[in-house]
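*Asks:* Listed here are the chains, written in short residue letters.
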Amino acid sequence: MRRFYRKVPRKNSTNKHQNSINTQHTQNDINGIQQEINVQQCQCNPQFQQNQKAQHIQGTRNNLNNENVGSQHSQDYQHTQSSIQSNQNIQFQQSIQCQCHLKNHQLQNQTQTQNHNQSQDNVQSQNQKTSQNQSPSLKQNGNANSNATQTNNQNVSMEIHVPIYKKMNNNIEFIRRLLGNPDDLVIRELTLETFNDNHENEQGDCPSSRSGHDDGNLPIQTLSDPENNDSKINQLNIIDERPLEKAKQKKQKIHCSILYLSGLSNTNIINDNILKTLQRKTNEFNGDILDQIYQEIIAVTETKRVNTLEQVVHALLSGRSIFLIDGKMTALDMGTAGSEKRALDEPQSEALIRGPRLAFIESIETNLTLIRRELKDPNLRFKMHEVGRRSKQKIAVCYVEGIVNPDILDEVNRRLKTIDIDFAPDSGVIEQWIEDSFLSPFPQLLDTERPDRVSYNLMQGKVAILVDGSPFALIAPISFVDAFLTIEDFSQRWIIATSMRLLRYFSMFIALFLPGLYVALISFHPGMLPTQLTISIAATREGGPLPAIVEVLLMAVTFEILQEASIRLPKVIGQTVGIVGGIVIGDVAVSAGIVGPALVIVTSLTAMSSFTIPNYSMSIGLRILRFIFVIAASIFGLYGIILVLIMICIHIVNLKSMGTPYSGPFAPYFIDALKNTFIRAPIMTLKKRPPYLEPIDDQKVNSGGQRQ
Amino acid sequence: MNKLNAMLILVMCTLILAACWDQIEIEERAFIFGMAIDAADKTEVKLTQQLVVPENMATVAANAGGGGKAYRNLSSTGKTIYEINLDLAKQASRSIDSTHLGVILVSEDIMKQPGRFKEHFDVFFREKRMRRGIKLAVTNGLAEDLLYVEAEHEKIPAEYIKNLLENKKRLDVTDLVRIGDIDEKLYEETSFPLPYLKKISSTVIDYEGIAIYNGKEERMVGVLKGDDAKALSYIRGLKNNGSINTEIDGGPMTIEILTIKRKITLTNNDPNNLQFSIKIQIKGAIADQSGWENLKEYEVLNKFYKKTSEKIEEMVKNTINKLQNDFQTDAMGLGEYLNRYYPKIWKEVQDEWDNGKNYFSKSDIDCEVKIVIEEPGSINKTTSK
Numbered sequence: 001m002r003r004f005y006r007k008v009p010r011k012n013s014t015n016k017h018q019n020s021i022n023t024q025h026t027q028n029d030i031n032g033i034q035q036e037i038n039v040q041q042c043q044c045n046p047q048f049q050q051n052q053k054a055q056h057i058q059g060t061r062n063n064l065n066n067e068n069v070g071s072q073h074s075q076d077y078q079h080t081q082s083s084i085q086s087n088q089n090i091q092f093q094q095s096i097q098c099q100c101h102l103k104n105h106q107l108q109n110q111t112q113t114q115n116h117n118q119s120q121d122n123v124q125s126q127n128q129k130t131s132q133n134q135s136p137s138l139k140q141n142g143n144a145n146s147n148a149t150q151t152n153n154q155n156v157s158m159e160i161h162v163p164i165y166k167k168m169n170n171n172i173e174f175i176r177r178l179l180g181n182p183d184d185l186v187i188r189e190l191t192l193e194t195f196n197d198n199h200e201n202e203q204g205d206c207p208s209s210r211s212g213h214d215d216g217n218l219p220i221q222t223l224s225d226p227e228n229n230d231s232k233i234n235q236l237n238i239i240d241e242r243p244l245e246k247a248k249q250k251k252q253k254i255h256c257s258i259l260y261l262s263g264l265s266n267t268n269i270i271n272d273n274i275l276k277t278l279q280r281k282t283n284e285f286n287g288d289i290l291d292q293i294y295q296e297i298i299a300v301t302e303t304k305r306v307n308t309l310e311q312v313v314h315a316l317l318s319g320r321s322i323f324l325i326d327g328k329m330t331a332l333d334m335g336t337a338g339s340e341k342r343a344l345d346e347p348q349s350e351a352l353i354r355g356p357r358l359a360f361i362e363s364i365e366t367n368l369t370l371i372r373r374e375l376k377d378p379n380l381r382f383k384m385h386e387v388g389r390r391s392k393q394k395i396a397v398c399y400v401e402g403i404v405n406p407d408i409l410d411e412v413n414r415r416l417k418t419i420d421i422d423f424a425p426d427s428g429v430i431e432q433w434i435e436d437s438f439l440s441p442f443p444q445l446l447d448t449e450r451p452d453r454v455s456y457n458l459m460q461g462k463v464a465i466l467v468d469g470s471p472f473a474l475i476a477p478i479s480f481v482d483a484f485l486t487i488e489d490f491s492q493r494w495i496i497a498t499s500m501r502l503l504r505y506f507s508m509f510i511a512l513f514l515p516g517l518y519v520a521l522i523s524f525h526p527g528m529l530p531t532q533l534t535i536s537i538a539a540t541r542e543g544g545p546l547p548a549i550v551e552v553l554l555m556a557v558t559f560e561i562l563q564e565a566s567i568r569l570p571k572v573i574g575q576t577v578g579i580v581g582g583i584v585i586g587d588v589a590v591s592a593g594i595v596g597p598a599l600v601i602v603t604s605l606t607a608m609s610s611f612t613i614p615n616y617s618m619s620i621g622l623r624i625l626r627f628i629f630v631i632a633a634s635i636f637g638l639y640g641i642i643l644v645l646i647m648i649c650i651h652i653v654n655l656k657s658m659g660t661p662y663s664g665p666f667a668p669y670f671i672d673a674l675k676n677t678f679i680r681a682p683i684m685t686l687k688k689r690p691p692y693l694e695p696i697d698d699q700k701v702n703s704g705g706q707r708q
Numbered sequence: 001m002n003k004l005n006a007m008l009i010l011v012m013c014t015l016i017l018a019a020c021w022d023q024i025e026i027e028e029r030a031f032i033f034g035m036a037i038d039a040a041d042k043t044e045v046k047l048t049q050q051l052v053v054p055e056n057m058a059t060v061a062a063n064a065g066g067g068g069k070a071y072r073n074l075s076s077t078g079k080t081i082y083e084i085n086l087d088l089a090k091q092a093s094r095s096i097d098s099t100h101l102g103v104i105l106v107s108e109d110i111m112k113q114p115g116r117f118k119e120h121f122d123v124f125f126r127e128k129r130m131r132r133g134i135k136l137a138v139t140n141g142l143a144e145d146l147l148y149v150e151a152e153h154e155k156i157p158a159e160y161i162k163n164l165l166e167n168k169k170r171l172d173v174t175d176l177v178r179i180g181d182i183d184e185k186l187y188e189e190t191s192f193p194l195p196y197l198k199k200i201s202s203t204v205i206d207y208e209g210i211a212i213y214n215g216k217e218e219r220m221v222g223v224l225k226g227d228d229a230k231a232l233s234y235i236r237g238l239k240n241n242g243s244i245n246t247e248i249d250g251g252p253m254t255i256e257i258l259t260i261k262r263k264i265t266l267t268n269n270d271p272n273n274l275q276f277s278i279k280i281q282i283k284g285a286i287a288d289q290s291g292w293e294n295l296k297e298y299e300v301l302n303k304f305y306k307k308t309s310e311k312i313e314e315m316v317k318n319t320i321n322k323l324q325n326d327f328q329t330d331a332m333g334l335g336e337y338l339n340r341y342y343p344k345i346w347k348e349v350q351d352e353w354d355n356g357k358n359y360f361s362k363s364d365i366d367c368e369v370k371i372v373i374e375e376p377g378s379i380n381k382t383t384s385k
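Going down the list, the sequences are from chains A and B. Numbering of the first sequence is given in the UniProt record's numbering, commencing with residue 1 and proceeding in unit increments. Numbering of the second sequence is given in the UniProt record's numbering, commencing with residue 1 and proceeding in unit increments.
Since the hints were derived computationally from the structure, they do not count as laboratory data. Just to be clear, a hint being listed does not mean it is correct.
[As the list claims (entries may be wrong)] Listed next, the in silico SDA-like pairs over lysine to any residue satisfying Cα-Cα at most 25 Å (straight line): (1) Lys281(A) <-> Thr267(A); (2) Lys128(B) <-> Ile642(A); (3) Lys155(B) <-> Met528(A); (4) Lys69(B) <-> Pro530(A); (5) Lys3(B) <-> Cys649(A); (6) Lys155(B) <-> Gly543(A); (7) Lys155(B) <-> Pro530(A); (8) Lys155(B) <-> Pro597(A); (9) Lys155(B) <-> Gly527(A); (10) Lys90(B) <-> Gly543(A); (11) Lys128(B) <-> Leu643(A); (12) Lys69(B) <-> Gly527(A); (13) Lys69(B) <-> Pro597(A); (14) Lys69(B) <-> Leu529(A); (15) Lys155(B) <-> Leu529(A); (16) Lys155(B) <-> Leu533(A); (17) Lys90(B) <-> His525(A); (18) Lys128(B) <-> Pro530(A).
As the structure is a prediction and not an experimental result, all values here were calculated from the model.
Required output: the full structure, derived from the provided sequences and hints.
*Replies:* This is the structure we're talking about:
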């Protein structure tokens with residue numbers, strides 16, 4: 001069985017933990033622990049769809065201890081158990097994938113049922129208490145699962161709720177099979193010596209594993225909980241005394257192993273801080289071996305106990321390593337993640353002349369560090385989400401508590417929770433899931449690869465979203481003017497920064513309107529051009545084969561092709577293409593008489609202007625709009641341009657970013673905030689955070705920069 | 001549903017009523033640069049249009065046709081200008097575009113016949129594609145002839161004439177050449193000056209003087225030339241630069257005029273004998289003088305002032321005399337002054353201001369010229385004594 005799938009409608013995902021606690025551990029004095037594992041059956045494969053009716057019972061009862069079986073069951077459970085047998089047989093015939101794995105258990109199951117019948121009478125009385133407790137939960141599971149099967153066949157998620165087997169080899173086998181026996185899975189087996197006998201081990205193990213189950217997925221808390229520790233020590237004391245009374249201390253060899261995926265983990269840490277310390281351990285173990293290893297041996301700070309194979313596999317895939325001990329149902333999950341990552345580099349798409357030259361990389365941990373390094377505010381918060389049903393990527397929502405408007409924060413978190421995808425290759429996917437209007441050409445979240453820009457925006461009372469695997473952070477909410485702002489505006493003196501901004505807006509207008517204006521003026525309103533210009537354009541167009549609109553579209557599309565090609569091509573060839581394209585556009589097209597020289601100026605000016613916009617997403621959006629303007633101009637002339645402009649204005653004032661108005665401080669009019677829009681007023685006068693975001697703390701500076 | 005339909009209709013209207021049929025590519029238009037209006041006979045006029053041939057205009061090396069003429073004159077006769085225009089469109093083969101029309105020339109003949117100018121010019125004020133910046137000039141002889149004058153530096157005669165009319169370096173010109181301004185004057189029936197052009201040779205046109213149009217009589221009454229034209233500019237307070245020549249101690253002297261300010265005041269209320277006083281203040285610089293006096297001395301300068309102001313005063317008085325007696329037309333803007341500052345008096349006199357009873361001719365116009373030389377020039381003396 002390669003994968004365990006469970007059909008769960010999305011609403012039921014909160015029941016996950018309830019469902020997973022189908023395992024019962026009870027203590028029998030001599031027989032040791034009896035395990036019941038309720039394995040959620042796989043239903044994702046199309047083969048199984050025929051099976052749906054037969055699948056209302058989900059559990060397979062496996063006993064992985066080949067020794068004695070003592071079990072306790074409620075009446076319900078027995079009933080289901082017997083019906084499983086028949087269902088399973090059908091499944092085995094139909095499912096090739098299942099067969100390989102479950103064949104092993106078929107025999108076991110048969111013996112188990114026999115044993116179970118025999119031992120039932122003995123055990124039942126002892127375990128009545130527990131079984132009464134368990135029956136309702138089992139019932140609940142049965143209902144939940146049957147609901148699940150009925151409701152939803154298409155939503156498939158990968159969730160494994162298998163507790164760690166007692167036998168280490170079973171665990172390893174399980175992990176191997178689940179991962180498809182990968183070559184990069186490293187398993188280092190060791191043998192440790194201990195004085196404890198098996199019996200004691202179980203004694204020691206039980207409380208911790210139980211408490212692990214009770215607390216769901218918070219094993220660390222269990223460890224740090226002083227009361228739990230106390231009780232454990234007490235139990236250990238009792239246990240230690242008993243064998244002494246028996247006056248027999250058995251020296252025992254215990255198998256254990258370290259598992260990790262090479263490439264994802266930092267082998268230096270594993271070798272130096274785990275393996276070496278383990279090998280140098282001279283004195284022998286006594287007491288709870290797992291606890292001792294956790295306390296004394298493993299020199300990795302980020303270590304926790306895990307109880308399910310799901311957690312184990314997730315840890316392995318995240319690059320952490322796993323310490324398994326034979327006979328223990330708890331494993332150690334050690335934070336040795338440290339795969340290869342790109343070195344910190346200069347921002348590629350947002351270069352500045354003056355300002356920090358640091359960009360995000362693909363690792364979210366590094367990215368968060370970069371932000372933390374800039375903002376040493378204790379109120380800086382990173383709220384983590386997980387996205388991607390298969391990729392399980394981390395998403396961090398960054399904000400500064402006490403500045404950000406909680407409503408905006410809630411909205412961001414709410415939207416992030418709705419994301420339901422397999423894999424998000426970049427933060428752009430997240431952006432599209434949570435943006436307000438998917439039809440708009442304007443970006444409603446700002447993407448940036450600059451940590452300083454993120455910090456600046458956090459200080460503005462905005463929220464940043466970082467996605468694992470993406471060097472682009474998202475900033476929300478934004479307004480239209482934010483896309484025209486660079487961090488360098490604040491590095492330069494205000495007069496220069498203001499003129500730079502005005503230049504950027506001016507070139508935005510050029511990028512948007514110039515080709516459209518060209519078409520409108522040439523085809524409709526030559527009277528609006530200066531006389532000499534009219535004549536010289538008319539002269540160059542004399543005998544030209546194409547009408548203005550076709551000419552403009554031809555050149556614009558040629559340029560777009562060039563631009564797209566230069567992105568795809570390797571850098572070395574890219575230059576060549578640039579030259580060839582330049583010659584084609586600039587020279588040959590004119591001398592061949594296909595287009596006029598005036599149009600070349602228009603095209604190149606438009607192209608250059610669109611690159612002055614600091615935000616690439618905005619720049620692309622405007623590029624699309626430019627074509628709309630050209631087409632409108634070709635049909636209606638200047639009138640058409642004005643019509644489209646009006647439509648765009650209406651769209652912008654209607655647009656929201658995370659529920660806040662996109663038209664910035666203009667449409668809801670905040671005169672004070674205008675100081676940082678088209679102009680950039682002197683730094684000392686920028687005292688407030690954007691008022692339309694309603695930040696809790698709206699004062700950036702109190703004294704206006706004048707120190708007392 | 002009705003609302004939706006209404007909305008749809010409105011939206012469709014905005015889209016359909018505006019037109020792709022306005023779309024004419026720039027190379028398919030024939031731009032008119034100049035027009036000449038001549039009298040064909042008593043009622044008909046002859047209209048000559050100067051169309052541009054952009055190919056031969058080209059300044060871009062790639063397309064330089066160079067060889068042919070950069071213009072093409074079409075003419076036709078008819079009753080009204082609009083009608084002739086449609087007639088010419090048949091000859092032109094391209095759609096005629098008057099948005100770049102620069103100059104309209106009208107022959108003396110038409111201007112001198114009462115009412116004809118006004119009659120034919122209505123189309124230029126009424127037609128929506130006409131610009132208010134079109135320049136207007138009166139020609140000596142046939143207006144059509146001027147559109148064939150090929151100056152060496154301009155490829156299109158109309159461009160040459162247009163630039164000529166924009167000259168700001170002389171005083172014997174007038175500022176009132178835009179058709180938009182003339183529209184106002186015609187409406188108010190006031191008199192105004194117009195540029196007066198004359199063809200000298202096949203390549204040269206001269207800005208000969210200022211034609212005076214009488215608004216009440218609806219005709220041109222005469223031409224001021226030379227010093228008279230300059231004097232009119234002093235009286236009107238023209239913003240142009242210019243010069244004035246005098247003689248001092250037997251030698252010639254030229255003073256460059258920098259600014260002119262004039263102030264009109266009315267000293268009495270009797271409509272039958274209005275008394276105006278015109279104060280003209282001139283700032284100038286010595287451009288050229290043959291004397292050897294030290295220009296820093298007050299007496300010397302004073303002598304200069306006296307001489308020049310006397311000269312200008314004489315010129316101005318001559319001109320006023322001419323306007324009052326020969327032309328009997330107020331081209332000085334006194335009527336406008338009365339209209340603004342003494343509307344009651346103006347109401348009394350306006351109907352017969354410069355015709356009929358002609359209050360303008362009956363009024364006394366006194367003139368006082370004051371000149372200040374601001375810059376004696378870079379040198380003080382030409383020769384040491």
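*Asks:* In ascending order, which of the hints set out earlier in this document are inconsistent with the structure?
*Replies:* none
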